[in-house]
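Visitor: The chain contents come next:
2 protein chains.
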Amino acid sequence: MSARPAKERLVEAAFALFAERGYEQTTVDDITDRAGVGRTTFFRTFPTKEDVIFPDHEVLLGAIESRLAGSTDRTALIAVTEAARLVLRHYLAEGERAMTRYRLTRTVPALRDREIAGVQQYQRLFRRFLHRWMGGGPDTALRAELMAGAVVNAHNHVLRRWLRGQASDPEREFDAAMTETVGLFSRPREGAESSIVVFRTSKDLDTVLPELNRLLGEPG
Amino acid sequence: MSARPAKERLVEAAFALFAERGYEQTTVDDITDRAGVGRTTFFRTFPTKEDVIFPDHEVLLGAIESRLAGSTDRTALIAVTEAARLVLRHYLAEGERAMTRYRLTRTVPALRDREIAGVQQYQRLFRRFLHRWMGGGPDTALRAELMAGAVVNAHNHVLRRWLRGQASDPEREFDAAMTETVGLFSRPREGAESSIVVFRTSKDLDTVLPELNRLLGEPG
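So the protein lines, in turn, are chains A and B. Numbering follows this note's numbering, with no gaps: position 23 of the first sequence is 1183. Numbering follows this note's numbering, with no gaps: position 79 of the second sequence is 1239.
This is chain A alone, in the form it adopts within the complex (with noise of 0.2 Å):
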């Protein structure tokens, strides 16, 4: 019996035991022996014994909103990113036991239903904010849904590939990730009163700005 706080005590009794003996051979009673807790205290802490492998979603969607929260409107984009970010380096920071959810989410279907769940409470979050950041308008509604989902994946394509060891280093595959997605959505948008004009051209740059900007910039 450690001082430990009771929730963390089940948490590791349970993933010992999931690692050991399996997911549905493990019951609650013997992950409150193993934690040396009532199962009152499992049932006041976790609803269901599918919660113990995701301890920290709560606490993970309030970090997300209290990052968002902090922004501005100049900033709500870096807001975005970095409360992305502070969702990856919780799992960097959980090590071992992230590949165990991992392994456990891609074998029992309850959890790996549950899981997803579990994103698209994430993806709800971006959205929201996102498209508040937008105007709110029904002509952004869409865009925002985009934006969000596209940001969620971007994340999950990099933690997938750090859980099965194909990231060395993760938050560098993480900016490049994010600087693609946001990227997708930087371009002005269309519909406006002006139009987009996408050339591409091996001239130097340099050379054609000029005249670039003499042939399209605004008059006057």
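Please keep in mind that the hints were generated in silico from the structure rather than gathered at the bench. Treat the hints with care, as some may be off.
If several chains are the same, the list does not tell them apart, and a pair holds so long as it fits within one copy or across any two.
[As the list claims (entries may be wrong)] 25 Å max Cα-Cα, derived SDA-like pairs, lysine to any residue:
1) K1209 <-> G1325
2) K1209 <-> V1268
3) K1209 <-> T1267
4) K1167 <-> T1232
5) K1167 <-> R1199
6) K1167 <-> G1296
7) K1209 <-> E1184
8) K1209 <-> G1278
9) K1167 <-> A1179
10) K1209 <-> Q1185
11) K1167 <-> V1247
12) K1209 <-> L1264
13) K1167 <-> H1291
Assemble chain B onto chain A, guided by the hints.
Guide: Chain B alone, transformed into the frame defined by chain A:
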């Protein structure tokens, strides 16, 4: 007792009972009694009670795969759009049944999780197809994932609007949503030998295009 297939009778009975009594309050026995079909037939048709809510999920996955498989390199993006449209049209054709499912997935967590997991399966099909189309290398893995996610999100955005009674012309909204979605990814990729020039101009494009071609076009 009608001559319709057992599967259709089971689905019809299940949706009627779920609407009358609620999902949790309806047992498989209630469904088979109402449908006039045996328990064995139910479980031969649907692995669990949840599956009767998504009776055509496997059919839709197969239809997407066929539509994608019938495309060429040049028609890949059309195939993706049309495959997503197949799914939309399926729901539109269901009508009231799709609305009942939407009410159920919003109120029964197990069904919501199952639906989200099903969406992930669509997304995986699109991701694999798009990644192969992009060459299949590690440099395009993220891009394929983002694009697949965007296609599925755009589809769901329009579908949800229709389910909520907000979209009077869902097919037209789908066209606009897919145009916006594919447009995000239609820029030539950065990092190639040539540069991408993006300009916003209020000038008449037809007037400036010849000079633009002269200015930025390839030598010779």
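Visitor: Within a copy, between copies, both or neither: where do K1209 and L1264 come within 25 Å Cα-Cα?
Guide: Classified as both; 13 Å inside a copy, 24 Å across copies.
Visitor: When no copy is specified for K1167 and G1296, does a C-alpha distance of 25 Å or less occur within a copy, between copies, both, or neither?
Guide: Classified as neither: same-chain Cα gap 39 Å, cross-chain 43 Å, threshold 25 Å.
Visitor: As a check of your reading, is K1209 near G1325 (CA-CA no more than 25 Å) within one copy, between copies, both or neither?
Guide: neither (28 Å within a copy, 38 Å between copies)
Visitor: Regarding K1209 and E1184, is the shortest C-alpha distance of 25 Å or less found within a copy, between copies, in both, or in neither?
Guide: So K1209 and E1184 pass the 25 Å test inside a copy (10 Å) and across (20 Å) alike.
Visitor: Checking K1167 and A1179: alpha-carbon separation at most 25 Å within a copy, between copies, both or neither?
Guide: The answer is within: 18 Å in one copy meets 25 Å, while 40 Å across copies does not.
Visitor: Pop the pair K1167 and T1232 into one bin, within, between, both or neither, using alpha-carbon distances up to 25 Å.
Guide: neither (36 Å within a copy, 54 Å between copies)
Visitor: When no copy is named, should K1167 and H1291 be tagged within, between, both, or neither for a Cα gap of at most 25 Å?
Guide: neither (36 Å within a copy, 42 Å between copies)
Visitor: Checking K1209 and T1267: alpha-carbon separation at most 25 Å within a copy, between copies, both or neither?
Guide: both (16 Å within a copy, 21 Å between copies)
Visitor: My question is about K1209 and V1268: at a cut-off of 25 Å on alpha-carbon distance, are they close within one copy, between copies, both, or neither?
Guide: both (13 Å within a copy, 18 Å between copies)
Visitor: If the cutoff is 25 Å on CA atoms, where do K1209 and Q1185 land: within, between, both or neither? Let me know, please.
Guide: Intra 12 Å, inter 23 Å, cutoff 25 Å: intra and inter.
Visitor: State whether the alpha carbon distance between K1167 and V1247 is at most 25 Å within one copy, between copies, both, or neither.
Guide: Intra 20 Å, inter 43 Å, cutoff 25 Å: intra-copy only.
Visitor: Could you figure out if K1167 and R1199 sit no more than 25 Å apart (CA to CA) within one copy, between two copies, both or neither?
Guide: Within one copy only: 12 Å inside a chain, 42 Å across chains, cut-off 25 Å.
Comparing the model with each numbered hint stated earlier shows that hints 1, 4, 6 and 13 do not hold.
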